[in-house]
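Protein sequence lines, in the order shown, are assigned to chains A and B. Take any residue in the first sequence, count from 1 to its spot, add 1: that is its number in our numbering. Take any residue in the second sequence, count from 1 to its spot, add 8: that is its number in our numbering.
Think of the hints as simulated: they come from the structure by calculation, not from any bench. All figures in this text were calculated on a predicted structure; none of them were measured in a lab. Check the hints yourself; a few may be wrong.
[Claimed, not checked] To be clear about the criterion: a stretch of chain A counts as covered by chain B if any three or more of its residues have a C-beta under 8 Å from a C-beta of chain B, and this derived list gives those stretches:
hint, segment
1, 24-37
2, 66-72
3, 142-149
4, 176-190
5, 218-226
6, 229-240
7, 311-318
[Stated by the list, open to error] No more than 27 Å apart at the CA atoms, straight line, and that leaves these computed lysine-lysine pairs for BS3-like:
hint, chain 1, residue 1, chain 2, residue 2
8, A, K149, B, K339
9, B, K362, A, K149
10, B, K339, B, K362
11, B, K339, B, K173
12, B, K173, B, K402
13, B, K368, B, K443
14, B, K173, A, K289
15, B, K443, B, K362
16, B, K362, B, K173
The C-beta atom is built at its ideal place from N, Cα and C for all residues, glycine as well.
Chain by chain, the residues run as shown.
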Amino acid sequence: MTTDAPSRAGLSPASEAELGELIAERHATRQPLRITGGGSRVETGALSGDTLSTAAISGVVTYEPGEMTLIARAGTPLDEIQAMLAAEGQSLAFEPADMRGVLGGNGTSTIGGVVAANASGPRRMLVGACRDHLLGLRFVDGRGRVLKNGGRVMKNVTGLDLGKLLCGAHGTLGVLTEVALKTLPILPDRCALGFHGVTVDEAAQIFARALATPYEVSGAAFRDGTAWLRVEGLGPQMGYRRDRLLALLQPREAEVLDAEATLSLWRGLRDLDHFAGTATPLWRVLVKPSLAPSTVRALQALGGAVSVDWGGGLVWYCGPGPAQEVRQIARHATLVRRGGLAGPAFAPEAPAVTRLSLGLRGVFDPAGILNPGLMDQ
Amino acid sequence: MPQPDAGIIERAPQIVAALREVLPDDAVIWDPEETRAYECDALTAYRCPPLAVVLPRTTAEVAAAMRVCHRLRVPVVPRGAGTSLAGGALPTADCVIIATLRLRDVLEIDTENRFIRVQTGVTNLSVSGELEPHGFFYAPDPSSQLACTIAGNIAMNSGGAHCLKYGVTTNNLMGATVVLTDGEVVELGGPEMGPMGLDLMGLLCGSEGQLGIVTEATLRILPRPEGARPVLIGFDGAEVAGECVARIIRSGVLPVAIEYMDDVCLRAVEAFARAGYPDCAAVLIVEVEGSVPEIEDQIARIREIASALNPVEFRESRNADEAMAIWKGRKSAFGAMGRLGDYICLDGTVPVSKLPYTLKMIGELSRRHGLEVANVFHAGDGNMHPLILFNANKPGDLARAEAFGADILRLCVDVGGCLTGEHGVGVEKRDLMGKQYDPADLDIQMAVKDVFDPCWLLNPAKVFPLDASQSWREEAARR
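Whenever a hint applies, use it, and build me the whole structure from the sequences.
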């Protein structure tokens, strides 16, 4: 998950048991660890400690397409998993992005890193986030205990759902060693509808109308004056949905992209190609979709560029605006690429939430050795 | 259940007086005639009237009641509509029930941002009812949806027949107003597609009232599909029916529901509802959604898959009446089973590929325990509902049924599944938790509870095995 700091001693235990011993020792001596999967997610600023990688705890444990279930060790490369699922016509429906272009990293994204970051791409709007597809996990807590929660089945309410806590905790509550995820069929047909020359307000209207239909629009993004909708389906579904949406949004005219062009367009939207290759600070802002236009305008006034995903629910801001002013405009803003900005990456929380979160950290990592300070506000 | 605290029971008048001080008079009940209505939930084999019942109308009133109970160190049992099949709302003699029944308001419907915000005492079905004029619906649909509340759905992370496609409560919950054990009110999540920071809302959902009481919720809503249509497929064996489920899923068609009924259940349903189901070993009801051409395409794919497996029957519905007829038997299954005698309904989940083996083993266990069992369940996600038939008036029969049930749940865990798919642990499966989780796995869950509820006052003696939680509870009692 981390890309920046210079590499110090690199630790790469070969098994869960070895990892447990290592962390138990660090717990006893209170020496911090910087945990990384493939080193391709969030820029962390200056974290102290030796680098701990799960890359060697790797390999697919089970994949059952007829059960839509995948179990893989945390260090398994994401590419490897995606290729294996694609061969069976399935995918991780939450569409995790490849952030290497944006973060300038060259690591290999791992499935453990994806889960630790709750990394969820454009389809999150329709099918939910990574956390919604996580069935169970194994992890090592900050004392070095090997623990498990959840399982491998789709419906499971046995005990507290710690998977939700670990997913998105960026390694601060435990080091993932194995994850079970739900897989979904890839819909074979797709197209993109592009509405060119629209304002962000018009884009928001297009999104609101399209997303109030039962046509399961699986992408709704705005970039450079174009509002894009992604339409997918099986058999006659895609053509039917496309035609209904085009009729609904008349008299607006849309460009229709074929399957191949749609695939490559959405890969670019997912991976934020438009914000790659620079070092300008990049913010990920969550808003109520109807507030996207006003948020976009306010951020643009600080200078820089903006794009929108999740039908308005996600605003990306790439610009020089000072952190304090960005946070004033957008309460739920995460600093994804620092570009020289200091300060916390995560948004401030209500005091009661902070108190509970600190309490939980004390339970999972009493010595404060797992990515200490990473999620501080 | 552990012995109630006699000291607390002795102080009942003072406790009730303290509650009355901060709540409207009609919100506090302690007349034994009235509290008896709360002595059990849908797991009726266990009963115990509470010390008092509080029926608040607002988040502030829930908070006030929680503050009093916390100050006086009185256990609190949260309660929705009391439809838990796992004893999730079973009271203790020394507890105050805080029920969400009067938290009845719909606070906001926002179709532009696709959410509804409600007080959590509203029923599951009424949420979709509110949304109907807007062309939207709320997806989780537990079979008790006419009665059960959103508060209970969140506490138990309820599912339903349609969650194969739409997910369970946790996948459809966007925000929650939570009252903590000391009366503090916390907002988690909201209309944004979070979470930010640690996913406390995800932790809270399904925590069975161990961490707090949710009084208001923001729920994701979905546009209503243009249409839906079921097909019925009969097979002469459980294995081939299980194979059909796996092949449908693998084909890329994602039905909204795949329901399974076995021969015992089919015979009972036929006698009760005369749904005209075929007399065979297993029936699948598969429902698909969309426009007419979409539905027809999906049904054609399912027909092709099923035909290759030599079904006894493949029945399509051509109109709403025929669709209703297909669902009629499934929907009356629990009522039909009730006519055969008393039953307990289990809820283990198994990997879909293990369904045929699990069904076979349940048959063997049935012979060993000498009790009949019927299977009716959500096959697409492997969430089984074996119904064990027994005679409550026959001494020892309930204990035999419970022993049989425990064997089935152990079997579910042994084949890679879990103890409960949607009903929750409650008291029913509490002492089986050690089968699924090692002591350290349970210990960290209890440590998490301890962060939220340091005095261990919330929903006592549920979820965690009593021997495992003993030291935590003793430590908490000193706080």
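The hints, checked one at a time:
1. 24-37: Coverage by chain B is violated for the segment 24-37 of chain A (0 residues, Cβ < 8 Å).
2. 66-72: Satisfied; 5 residues make the cut.
3. 142-149: holds (count 5)
4. 176-190: Contact hint for the segment 176-190 of chain A vs chain B: holds, 5 residues under 8 Å.
5. 218-226: Result for this restraint: violated, n = 0.
6. 229-240: Since 5 is at least three, the answer is holds.
7. 311-318: This one holds; 3 residues, not fewer than the three required, reach chain B with a Cβ under 8 Å.
8. A:K149 <-> B:K339: violated, 36 Å
9. B:K362 <-> A:K149: Holds, at about 22 Å.
10. B:K339 <-> B:K362: holds, 25 Å
11. B:K339 <-> B:K173: holds, 19 Å
12. B:K173 <-> B:K402: This hinted pair is violated, its Cα atoms lying about 42 Å apart.
13. B:K368 <-> B:K443: holds, 21 Å
14. B:K173 <-> A:K289: holds, 25 Å
15. B:K443 <-> B:K362: holds, 18 Å
16. B:K362 <-> B:K173: Distance ~21 Å between K362 of chain B and K173 of chain B Cα, so the pair holds.
The structure is inconsistent with the numbered hints 1, 5, 8 and 12, although it conforms to all the rest.
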